[in-house]
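Participant: Start from the sequences, fold in the hints, and give me the full structure.
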Amino acid sequence: MQAIPEAALKPGASADLLLSGPTGRLEALIASPKDRLRGVCVVCHPHPLFGGTMTNKVVWTLSNAALKCGLRTVRFNFRGVGRSEGLFDDTLGETADACAVAEQLQATAPGLPLVMAGFSFGGHVALKAAAQLDTAALVTIAPPMGRYLKTTEPPAHPGVPWLAVHSADDDVVSYAETRAALATYDPPPQFIHFDDAGHFFHGRLGEVEAAVRDFLTPLLAAP
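For the sequence shown, the positions run 586 to 808 when the working numbering is used.
Keep in mind that the hints were calculated from the coordinates and are not lab data. Hints are not guaranteed to be accurate.
[Said to hold, decoys possible] Think about it this way: if two alpha-carbon atoms lie no more than 20 Å apart in a straight line, the pair counts; the simulated EDC-like pairs of lysine to aspartate or glutamate are: (1) Lys642 - Asp780; (2) Lys619 - Asp799; (3) Lys619 - Glu794; (4) Lys642 - Glu612; (5) Lys642 - Asp719; (6) Lys653 - Asp799; (7) Lys642 - Asp771; (8) Lys619 - Glu591; (9) Lys653 - Glu792; (10) Lys619 - Asp601; (11) Lys653 - Asp620; (12) Lys642 - Asp601; (13) Lys642 - Glu762; (14) Lys642 - Glu792; (15) Lys642 - Asp781; (16) Lys595 - Asp620; (17) Lys653 - Glu794.
Facilitator: Structure follows, in structure tokens:
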């Protein structure tokens, strides 16, 4: 597998990568902020069996928001997507993929905070991974809570500040189902409600980015 090149860690740099995953290589994109490095962020993409990839526009928006907050970010393809090796594993293997990527990314910035983020299926995976890692914050966009589970138990609370964003007219992930599931967590995540944005937030991505930046900025403001 390709190691993360030093050139990609320089301010403002980016690179295509093949990272090491539990079942082989994982295709990824890494980008470093132009200014002071304040932490790292892994962004997880939508459902692999329904066209989800790391180039999804909501995933890009999450990555861009993280970059502007001073986080080195990695977007990556889950197993079986693009050049990533392996087969779909109903969130279990994908969570292991996310953890493997996070560990490699954290090694580029020892001691700095890790943020996990994800959209749709990727939001559910990010939640599961955040509970297993030493995470500083979690961002989930339209996370499905009643689907994609091999067990009936909900994922554990990540134990860190958590932002959830969802549109009430989402026609892919049930808003009511997700809102009810999130309300069972103690404490529940900070929740931002959109109207008329659909699942993919067409025409509203600037607002999504602003909400994510408003959430992350104070968490990363410490010297």
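Participant: Quickly compare the C-alpha distance for Lys619 and Glu591 to 20 Å and report which way the hint goes.
Facilitator: Answer holds: Lys619 to Glu591 is near 15 Å, not above 20 Å.
Participant: Quickly compare the C-alpha distance for Lys642 and Glu792 to 20 Å and report which way the hint goes.
Facilitator: Measuring from Cα to Cα gives roughly 13 Å; hence the hint holds.
Participant: With a cut-off of 20 Å on the C-alpha distance, tell me whether Lys619 and Asp799 pass.
Facilitator: Given pair Lys619, Asp799 holds - Cα atoms ~19 Å apart, limit 20 Å.
Participant: Is Lys642 close enough to Asp719, meaning Cα to Cα at most 20 Å?
Facilitator: violated, 27 Å
Participant: Given the hint that Lys653 pairs with Asp799, does the C-alpha gap stay at or below 20 Å?
Facilitator: Since the Cα atoms of Lys653 and Asp799 sit roughly 11 Å apart, the hinted pair holds (cutoff 20 Å).
Participant: Lys642 and Asp781 were given as a pair; does the straight-line alpha-carbon distance stay at or below 20 Å?
Facilitator: Within the cut-off at roughly 18 Å; holds.
Participant: Decide if the proposed pair is consistent with the structure: Lys642 and Asp601, CA atoms, cutoff 20 Å inclusive.
Facilitator: holds, 17 Å
Participant: Do the alpha carbons of Lys642 and Asp780 lie within 20 Å of each other, as the hint requires?
Facilitator: Holds - the C-alpha atoms of Asp780 and Lys642 are around 19 Å apart, at most 20 Å.
Participant: Verify the proposed pairing of Lys653 with Glu792, using a straight-line Cα cut of 20 Å.
Facilitator: holds, 14 Å
Participant: For Lys595 and Asp620, compute the direct alpha-carbon distance and say whether it is at most 20 Å.
Facilitator: Since the Cα atoms of Lys595 and Asp620 sit roughly 10 Å apart, the hinted pair holds (cutoff 20 Å).
Participant: Need the status of pair Lys653, Asp620: alpha-carbon distance at most 20 Å?
Facilitator: holds, 9 Å
Participant: Regarding the pair Lys642 and Glu612, is the alpha-carbon distance no greater than 20 Å?
Facilitator: Roughly 17 Å separates the two Cα atoms, so the pair holds.
Checked against the numbered hints given earlier, the structure breaks hints 5, 7, 13 and satisfies all the rest.
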